[in-house]
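Chain A is fixed; fit chain B onto it per the hints.
Residue numbers (the UniProt record's numbering), protein chains in the order written: chain A, 1 to 355; chain B, 1 to 355.
Take these hints with a grain of salt, some might be off.
In this list, chains with the same sequence are indistinguishable; a pair is considered to hold if it fits within one copy or across any two.
Stated by the list, open to error - Calculated pairs, BS3-like style, for lysine-lysine (alpha carbon to alpha carbon, straight line, at most 30 Å):
1) K268 - K119
2) K3 - K348
3) K3 - K165
4) K22 - K226
5) K165 - K119
6) K226 - K3
These are computed hints drawn from the structure, not numbers from a lab.
Protein chains: 2
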Amino acid sequence: MSKYWSPAISQLTPYVPGEQPKVDNLIKLNTNENPYPPSPRAEEAINNYPKERLRLYCDPDATLLKQALADHFQLQYDNIFVGNGSDEVLALAFMAFFRQDQPLLLPETTYSFYDVYCKLYDIEYRQIPLTNAFEIDLEQYNQANGGIIFANPNAPTGRLLELGKIERLLQNNTESLVIVDEAYIDFGGASAVELTRQYDNVLVIQTFSKSRSLAGLRIGYALGHKNLIEGLERVKNSFNSYPLDSLAIAGAVAALEDDEYFRETTGKIIDCREWTTNQLEALGFDVVPSATNFVFTCHRSLSGAELMSYLRSNNLLVRHFGKPGIENFLRITIGTYDEMQELINTLKQHPDISS
Amino acid sequence: MSKYWSPAISQLTPYVPGEQPKVDNLIKLNTNENPYPPSPRAEEAINNYPKERLRLYCDPDATLLKQALADHFQLQYDNIFVGNGSDEVLALAFMAFFRQDQPLLLPETTYSFYDVYCKLYDIEYRQIPLTNAFEIDLEQYNQANGGIIFANPNAPTGRLLELGKIERLLQNNTESLVIVDEAYIDFGGASAVELTRQYDNVLVIQTFSKSRSLAGLRIGYALGHKNLIEGLERVKNSFNSYPLDSLAIAGAVAALEDDEYFRETTGKIIDCREWTTNQLEALGFDVVPSATNFVFTCHRSLSGAELMSYLRSNNLLVRHFGKPGIENFLRITIGTYDEMQELINTLKQHPDISS
Numbered sequence: 001m002s003k004y005w006s007p008a009i010s011q012l013t014p015y016v017p018g019e020q021p022k023v024d025n026l027i028k029l030n031t032n033e034n035p036y037p038p039s040p041r042a043e044e045a046i047n048n049y050p051k052e053r054l055r056l057y058c059d060p061d062a063t064l065l066k067q068a069l070a071d072h073f074q075l076q077y078d079n080i081f082v083g084n085g086s087d088e089v090l091a092l093a094f095m096a097f098f099r100q101d102q103p104l105l106l107p108e109t110t111y112s113f114y115d116v117y118c119k120l121y122d123i124e125y126r127q128i129p130l131t132n133a134f135e136i137d138l139e140q141y142n143q144a145n146g147g148i149i150f151a152n153p154n155a156p157t158g159r160l161l162e163l164g165k166i167e168r169l170l171q172n173n174t175e176s177l178v179i180v181d182e183a184y185i186d187f188g189g190a191s192a193v194e195l196t197r198q199y200d201n202v203l204v205i206q207t208f209s210k211s212r213s214l215a216g217l218r219i220g221y222a223l224g225h226k227n228l229i230e231g232l233e234r235v236k237n238s239f240n241s242y243p244l245d246s247l248a249i250a251g252a253v254a255a256l257e258d259d260e261y262f263r264e265t266t267g268k269i270i271d272c273r274e275w276t277t278n279q280l281e282a283l284g285f286d287v288v289p290s291a292t293n294f295v296f297t298c299h300r301s302l303s304g305a306e307l308m309s310y311l312r313s314n315n316l317l318v319r320h321f322g323k324p325g326i327e328n329f330l331r332i333t334i335g336t337y338d339e340m341q342e343l344i345n346t347l348k349q350h351p352d353i354s355s
Numbered sequence: 001m002s003k004y005w006s007p008a009i010s011q012l013t014p015y016v017p018g019e020q021p022k023v024d025n026l027i028k029l030n031t032n033e034n035p036y037p038p039s040p041r042a043e044e045a046i047n048n049y050p051k052e053r054l055r056l057y058c059d060p061d062a063t064l065l066k067q068a069l070a071d072h073f074q075l076q077y078d079n080i081f082v083g084n085g086s087d088e089v090l091a092l093a094f095m096a097f098f099r100q101d102q103p104l105l106l107p108e109t110t111y112s113f114y115d116v117y118c119k120l121y122d123i124e125y126r127q128i129p130l131t132n133a134f135e136i137d138l139e140q141y142n143q144a145n146g147g148i149i150f151a152n153p154n155a156p157t158g159r160l161l162e163l164g165k166i167e168r169l170l171q172n173n174t175e176s177l178v179i180v181d182e183a184y185i186d187f188g189g190a191s192a193v194e195l196t197r198q199y200d201n202v203l204v205i206q207t208f209s210k211s212r213s214l215a216g217l218r219i220g221y222a223l224g225h226k227n228l229i230e231g232l233e234r235v236k237n238s239f240n241s242y243p244l245d246s247l248a249i250a251g252a253v254a255a256l257e258d259d260e261y262f263r264e265t266t267g268k269i270i271d272c273r274e275w276t277t278n279q280l281e282a283l284g285f286d287v288v289p290s291a292t293n294f295v296f297t298c299h300r301s302l303s304g305a306e307l308m309s310y311l312r313s314n315n316l317l318v319r320h321f322g323k324p325g326i327e328n329f330l331r332i333t334i335g336t337y338d339e340m341q342e343l344i345n346t347l348k349q350h351p352d353i354s355s
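Just chain A, with the same shape it has in the complex:
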């Protein structure tokens, strides 16, 4: 606390990301990272980038990356916005669109950065509970609002909404913007990017951090009508001209081009998720159906906190949210088969888990 702070700053409750441990012998299943390295083409692009050019500012428009994304999604260049991870894209989008008179609507259980942004910008918001099956019920979003945001698939639940339901929401909710945060869409969901061709009230946000294995390089993007992109550019260019560095741009372009590697690695994660789900169920866990690279699961008799600490003491790091309603759940990232085998074997050795 300091008398020099802006008055609002002492009211903030910053987001706490999952732990990035400094030791190497842990199996890290706590931050939904991809267990596979980035595409060899991304590595090559970074290694081959002429480092002497780092003396120059990067392209403030990240033109090559925007064009690569436009080609990839068969959109126009002016339908694409890029930023320093999808977190920055979200942070700029909240500023650009959600500072309205009416409250923002969002799920009660979802990515916990959303309400942090609301506090940062003093945006009123209303949290809509999930169903008992952890589903987002979009019918409940038919009420006065200054914007709607949800993750699809949702986090930390992993559940996917059908595209038809999202389209119905867009048809009913024409006076405010709907943001669909698709950080996990590449692990089995149908993307709302198709809807951006037809509806100007939807913005889709995706990331290179999960399915492209580039969490350490910080690249996110938004797809939508060019007027929405223009709003984002206005805010971005009033905040930071060059949020993506030259190596990130080069790496991302190369990663995007390697479709074969992308399909192979996401395919392995999807298969392993199904295997892990079956194994967990056999050990007495309930597993929420997942379309992501993680599972959200609770044991029928053991508490989440106890399980997390048991796993931690066996060098397995998973994420536990102490929030009411989900305090018994663990969010477990899907790693390699070997890592998930280790998880399952460790759980089998717990005295109160019978296999």
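For chain B alone, kept in the frame of chain A given last:
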């Protein structure tokens, strides 16, 4: 324009960075980049970084870089804040400190991003004119304010303020924060970082983009009392957890360690600045005394716009601000000796310039 924008967005006037031309045959003296490549150690650190680790999130605290900066400046770890270029550090600092009831004070002619931030956050501000010799007169800042910011050396003028004057301001202005933006301090100025040890109302912001030749990697930092750093961290962690990617952290740490290279390259730029100044004066230019890697100069008979376009047609890119009061000035980055020789030779060939 879109009905989905937050109402304030249509009022923004985004910052326009200097052109990053896509052609290679230009001598680029328009964005104050360093003409020398980054330290070979930074290149090596980036090349040797294990790219498979990019699948993991970077360290949200950039611990290695903060510790390296703390060691370098003989400060404590909690006196250091890092961000995605000094622009992001400034953007977060305006949010953290300058949203006050009283207006922010800043020079009328200075880094033009400052008033962009004010508009973004709806901060009232008052611009204080420079003296006729383009000096910041800190006596004029003794008035009610919600914060003070200036660049030292100032941009685009290049003029340096003595540390004693800044210290006097800190002694007189104890109720609000003073930010000293030292993007160019390494080209001959005395840094206010010394004052941060003694005064809790000063924050110093520096960058790796100029003197460390890493504009393309986006690394800025702030130095100050730990309570100020805590305010910045609260905002940063409510905005984006990981603004510095893993390669930027690795490259910056290595660049900082190479003090010999740093002294050699900044020394060459300082020498070349003095040579360029003498040459320009001999050609009928007035040159504002500079403590930066650029000179701010106007010709006694030719207009700034005309000179800029003459140089551009000869593949020399310099920066011209069309603003009243400085419309006849050019801001010319100091490049290599060869580049500056080319600039001088080109000017000598202008029909209205006699050597």
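Violations among the numbered hints: When the structure is compared with the hints, numbers 1 and 2 turn out to be violated.
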